[in-house]
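Chemist: Sequence:
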Amino acid sequence: MDWTPIRTQHGNGAVEPNLRDYDAVRSAFSWASIRDELAGLPEGRGLNIAYEAVDRHAASDRADYVALRWRGNDGETLALTYCDLKVRTNRFANVLRGLGIDEGETVCSLLGRMPSLYVAALGTLKAKGVYCPLFAAFGPEPVYQRMSRGEAAAVVTTERLYEKRVAPLRDRLSHLRHVLLVDTDAPRDGNVWSLPRQMEQASTDFVIPPTDPEDHALLHFTSGTTGMPKGALHVHEAVLMHYMTGKYALDLHPDDTFWCTADPGWVTGTSYGIIAPLLHGVTNVVDAADFDAERWYRILESEQVTVWYTAPTAIRMLMRVGGTPKETYDLSRLRLVCSVGEPLNPEAVVWGQKNLGPPIHDNWWQTETGGIMIANLPALDIHPGSMGRPLPGVEAEIVKSTDDHAEVLSPGEEGELALRTGWPSMFRGYLHEEERYQKCFVDDWYLTGDLARKDEDGYFWFVGRADDIIKTSGHMVSPFEVESALMEHDAVAEAGVVGIPDEMSGELVKAFVALNPEYTPSDELRRTLLGFARTKLGAAVAPKAIAFKDDLPKTKSGKIMRRLLRARELGEPEGDLSTLETAS
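Numbering (my numbering) for the sequence shown: 1425 to 2008.
Keep in mind that the hints were calculated from the coordinates and are not lab data. Here a beta-carbon is modelled for each residue, glycine too, at the ideal position from N, C-alpha and C. Please note: incorrect hints may appear among the correct ones.
Claimed, not checked - Per label pair, the in silico range of CB-to-CB distance:
| no. | residue 1 | residue 2 | range |
| --- | --- | --- | --- |
| 1 | 1613 | 1975 | 48 to 54 Å |
| 2 | 1631 | 1453 | 32 to 38 Å |
| 3 | 1595 | 1882 | 52 to 58 Å |
Stated by the list, open to error - With a straight-line cut-off of 25 Å between C-alpha atoms, the simulated BS3-like cross-links for lysine-lysine are:
| no. | residue 1 | residue 2 |
| --- | --- | --- |
| 4 | 1968 | 1978 |
| 5 | 1588 | 1968 |
| 6 | 1863 | 1824 |
| 7 | 1750 | 1778 |
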């Protein structure tokens, strides 16, 4: 079905969008002009993300403006002004220095949405550490893989998560020197510290050291189809992209109240749940609770949220609940709704306009890009189902590539989405994997691995992944990681993992398992394996379904053919079978 473009309405008494003339802004755009809108460290000492997000506001007339408004699970609330945030992040930076954490060392957070996470993230950046968020729902193995590869020197977490996720790994984490617990006043042996006590003893004064824009700042892990998770490194210059996309894609104005529902353990929760809104000096709403439709609508109403950034899975869950929220709740302040994580179906865009007020503006980016690249911008008509058009300063095309050349395709042709290199938040490397990093680039194009097409109007449309990565509920899941965990169980001889289309989550993680001879397929064994995987990997990564198969399709070299597993499951054409091990 073809969907009629939707004219973006700037209603609800909304101010005019920051970007009003797309073509004019693109043609005149320069990153130098964006840099001029930021302050830079005093005395020309460089560019630091935390200074731009916190300290420059604390030194202005926004010092007493609420930066974070946190809502806890049990009704408790906390409001932190930009001045409060400066003091707390200064203390945290001093805690790191007092523990001997050096510039360039990795500090991980393993926390849910709580104030300590935001303080730790920004305090780490002040101290010129490398901040690495970890998803609190990860099981021990994903935590180990990321902390080990990231050579984490310190982790900030809770007592419960430490005991369940970190303590059993201490002997294997050779670089981990300090653990900071946010919810205890009693230090323990083994350099396990009470963060509240450390913060209480730390000075409120901290001078951010000179920071080169190319200094490492953020380490985000993303899934790979083979091997362990990839650690994408970003630098302090990424702040230019966070600021620009906050201005143009999220259309942030000084009086906005912003809410990003993404978990802070993922890149979206860092780039747009912490950095971008604070760069614009707005009030950033943080909710500790899991998804609950009624609670979410109450927050939109009570906090008078003006700009809301959420995920397609969450939107589909709201659609399933039903009702007409804008008739039940006062959503009159809600000016802009954006989504990211996986493609947003056209029906959801229209549902937003009917039930929330504004239509939903989908956008596209990746862990590697560090910020929004393509978006349905407030200045442009929405083409329901599309990713939108490139942001100013971003050049995107559809290409067909070889090892040493990328050919730009014509509108309407399907190929790989590619981005011209050079934007500020482009990842600067995969940790410890330079060869893997270099393979991402051909002819000054970054190859995204996403298949797409561009129409005659310049809008981009997602087609699928060029690899086997599974996008489920906004998370990127590596089939290799799931397969490796399943094969640790004595019953499993081989495993192949694929994504199966799912109306709610986008894709459902399904495993096909071949058993060792002494085991027999049964519902009890299926439940056992599902529980085993969940314990190892955590709920976000573990498979939701398991099917037993005597023989998994493999290439002649022995590699499991995931695409064939998926095609057979869905009844789709099997394609080229010349490499199948049984092919003649």
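Chemist: With reference to the structure, classify each hint as holding or not holding.
Modeler: Outcome of the hint check:
1. 1613 with 1975: 48 to 54 Å: 52 Å, holds
2. 1631 with 1453: 32 to 38 Å: 34 Å, holds
3. 1595 with 1882: 52 to 58 Å: 55 Å, holds
4. 1968 with 1978: Satisfied, since the Cα-Cα distance of roughly 23 Å is no more than 25 Å.
5. 1588 with 1968: The hint holds at about 22 Å.
6. 1863 with 1824: Distance of about 15 Å is within 25 Å: holds.
7. 1750 with 1778: OK: residue 1750 and residue 1778 at ~9 Å, within 25 Å.
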